[in-house]
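Letter by letter, the chains look like this.
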Amino acid sequence: MGLKTPLYDIHVSSGAKIIDFGGWDMPLSYGSQLDEHRAVRRDSGLFDVSHMCVVDLTGARVREFLRYVLANDVAKLTVPGTALYSCMLTPGGGVIDDLIVYFLTDAWFRMVVNAGTRGKDLKWLEQHAAPFGVSVRERKDLAILAVQGPLAREKTAALLSAAHRETALRIPRFSGAAVDSWFLARTGYTGEDGFEIMLPAEEAATVWRALVARGVMAAGLGARDTLRLEAGMSLYGSDMDESRNPLESGLAWTVAFEPGERDFIGRAALEHVRAQGCDEMVGLVLEERGVLRNHQPVFAGPPGKSPGLKIGEITSGTFSPTLNRAIALARVQRGAPARVLVEIRGQPHAARVVKPPFVRNGKALIE
Amino acid sequence: MSENVPDDLQYTRTHEWIRDLGNGQVEIGITDHAQQALGDLVFVEVPQVGRELKAGEACAVVESVKAASDVYSPVSGSVAARNDALSDKPELLNSDPYGQGWLMRVTRGSAPADGPFLKAAEYAQFVKEAG
Chain A
1 MGLKTPLYDI HVSSGAKIID FGGWDMPLSY GSQLDEHRAV RRDSGLFDVS
51 HMCVVDLTGA RVREFLRYVL ANDVAKLTVP GTALYSCMLT PGGGVIDDLI
101 VYFLTDAWFR MVVNAGTRGK DLKWLEQHAA PFGVSVRERK DLAILAVQGP
151 LAREKTAALL SAAHRETALR IPRFSGAAVD SWFLARTGYT GEDGFEIMLP
201 AEEAATVWRA LVARGVMAAG LGARDTLRLE AGMSLYGSDM DESRNPLESG
251 LAWTVAFEPG ERDFIGRAAL EHVRAQGCDE MVGLVLEERG VLRNHQPVFA
301 GPPGKSPGLK IGEITSGTFS PTLNRAIALA RVQRGAPARV LVEIRGQPHA
351 ARVVKPPFVR NGKALIE
Chain X
1 MSENVPDDLQ YTRTHEWIRD LGNGQVEIGI TDHAQQALGD LVFVEVPQVG
51 RELKAGEACA VVESVKAASD VYSPVSGSVA ARNDALSDKP ELLNSDPYGQ
101 GWLMRVTRGS APADGPFLKA AEYAQFVKEA G
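From first to last, the protein sequence lines are chains A and X. Just so we're aligned: the first sequence equals residues 1 to 367 in the numbering used here. Just so we're aligned: the second sequence equals residues 1 to 131 in the numbering used here.
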């Protein structure tokens, strides 16, 4: 028996297949994972992501604290409501977690961290916040719904009063705003437009039912995983963890080395890695039939010959419902050839090396 | 979700079904329970016609979006036919696991009969207890 979100009973009564995810009993799918995936790409889908952990950080020096504890630089956040994706690193540069942080006021930032890393994240934050006089408070009173897809914003806004609707639809990408009792953010993990709604736990069931009644399809963690992988987004624990740094995890773009005088945890280690060079994350598209899976080894090829040198491993692989073939993220040695071989059940299969994302806003970006 | 377990088939504990075609051949597939557990099937690999199989041998692979699963031959014999429609339409395994979603037909060898297999009621009970 795992932890349960306020929507657990709805999931069960909707026929969801329930799995353990980071200690939580979560819906994998309500029927067809492929239908749920396609609903998000073409119309709208609804995810319960209340297992994720909302943390409010408050104090006069909260910005200074976050500039120290995060690899990305919250100095980029100048307009209240704006959000930033970042890694939180060990001194050795390993990824403790990846997260989104929202700038609410000069003395209040909100962070959303992964469910499976909640305990260590809170401990780490508390330990480093103390010297800055910053308080760390987990918001267990909030649930999170992700409404994603080209029609997601419209269908969500339709639940609001006219005045609130206008506010909601004006929220810029990667920003959030307080709308009535909700914190409404135009963020997500699918590669589609949409909202993540943080709301009082006791309102979650009502809002869930209202969205489903408007034709938003309930979608589980299965579809969430294929959607995020098509969108080229990393999954903590698969694509990176404390034994991997962001530069070898496709997350160099989230590390703010500039300004050079900003000291953040992990900086020295990453500067060393950057100078030495490291593996890199690439996208793979399987050119043959089959499905790419996590941990399959990647070889340099050439195709048709012996597999050659092992150059890396798949960190996230799946079947892409949009491209109708297998795709993956793989960590490989720098300078991989344009085509590689992936070993599937002992047999080499040709795959093309591409730059993620594979799909954005309903459109395939890969041939 | 209710699961269909037709009375006229035999079953294995690894969730294959066996249909006796009466001409020395058996037709083999995966059960409704198996397809529901796997979810949407996206890739199926069935053995070449003529391949000699041993009972219990992993001979086919079915992959859903979330997982790959081996299919074990319930019988020894030689592959007489395989369902090539599945390469373009693996979803037939989801929509019609006992019909259009069949995997292969095997001509049973002269070896002693394989099995014993589970009858429908026994398989239904087995799934219920395992679930």
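Don't take every hint at face value.
What the hints assert, rightly or not - Derived pair list, reagent style BS3-like, types lysine-lysine, alpha-carbon separation capped at 27 Å:
{"no.": "1", "chain 1": "X", "residue 1": "Lys128", "chain 2": "A", "residue 2": "Lys17"}
{"no.": "2", "chain 1": "A", "residue 1": "Lys123", "chain 2": "A", "residue 2": "Lys4"}
{"no.": "3", "chain 1": "A", "residue 1": "Lys140", "chain 2": "A", "residue 2": "Lys123"}
{"no.": "4", "chain 1": "A", "residue 1": "Lys4", "chain 2": "X", "residue 2": "Lys54"}
{"no.": "5", "chain 1": "X", "residue 1": "Lys54", "chain 2": "X", "residue 2": "Lys119"}
{"no.": "6", "chain 1": "A", "residue 1": "Lys310", "chain 2": "A", "residue 2": "Lys355"}
{"no.": "7", "chain 1": "A", "residue 1": "Lys17", "chain 2": "X", "residue 2": "Lys89"}
{"no.": "8", "chain 1": "A", "residue 1": "Lys363", "chain 2": "X", "residue 2": "Lys89"}
{"no.": "9", "chain 1": "A", "residue 1": "Lys76", "chain 2": "A", "residue 2": "Lys123"}
{"no.": "10", "chain 1": "A", "residue 1": "Lys76", "chain 2": "A", "residue 2": "Lys4"}
{"no.": "11", "chain 1": "A", "residue 1": "Lys4", "chain 2": "A", "residue 2": "Lys17"}
{"no.": "12", "chain 1": "A", "residue 1": "Lys76", "chain 2": "A", "residue 2": "Lys310"}
Said to hold, decoys possible - Chain A is faced by these chain X residues, among others (derived, beta-carbon under 8 Å):
{"no.": "13", "residue": "Val42"}
{"no.": "14", "residue": "Gln125"}
{"no.": "15", "residue": "Phe126"}
Calculated from the structure, these hints are not laboratory results. Since we're looking at a predicted model, the values are computed, not measured. We put the beta carbon where it would ideally sit given N, CA and C, even for glycine.
Hints, one by one, checked against the model:
no.: 1; hint: X:Lys128 with A:Lys17; verdict: holds (16 Å)
no.: 2; hint: A:Lys123 with A:Lys4; verdict: holds (22 Å)
no.: 3; hint: A:Lys140 with A:Lys123; verdict: holds (16 Å)
no.: 4; hint: A:Lys4 with X:Lys54; verdict: violated (46 Å)
no.: 5; hint: X:Lys54 with X:Lys119; verdict: holds (22 Å)
no.: 6; hint: A:Lys310 with A:Lys355; verdict: holds (20 Å)
no.: 7; hint: A:Lys17 with X:Lys89; verdict: holds (24 Å)
no.: 8; hint: A:Lys363 with X:Lys89; verdict: holds (23 Å)
no.: 9; hint: A:Lys76 with A:Lys123; verdict: holds (26 Å)
no.: 10; hint: A:Lys76 with A:Lys4; verdict: violated (36 Å)
no.: 11; hint: A:Lys4 with A:Lys17; verdict: holds (14 Å)
no.: 12; hint: A:Lys76 with A:Lys310; verdict: violated (40 Å)
no.: 13; hint: Val42; verdict: holds (4 Å)
no.: 14; hint: Gln125; verdict: violated (22 Å)
no.: 15; hint: Phe126; verdict: violated (20 Å)
Hint compliance for this structure: hints 4, 10, 12, 14 and 15 are broken, all remaining hints hold.
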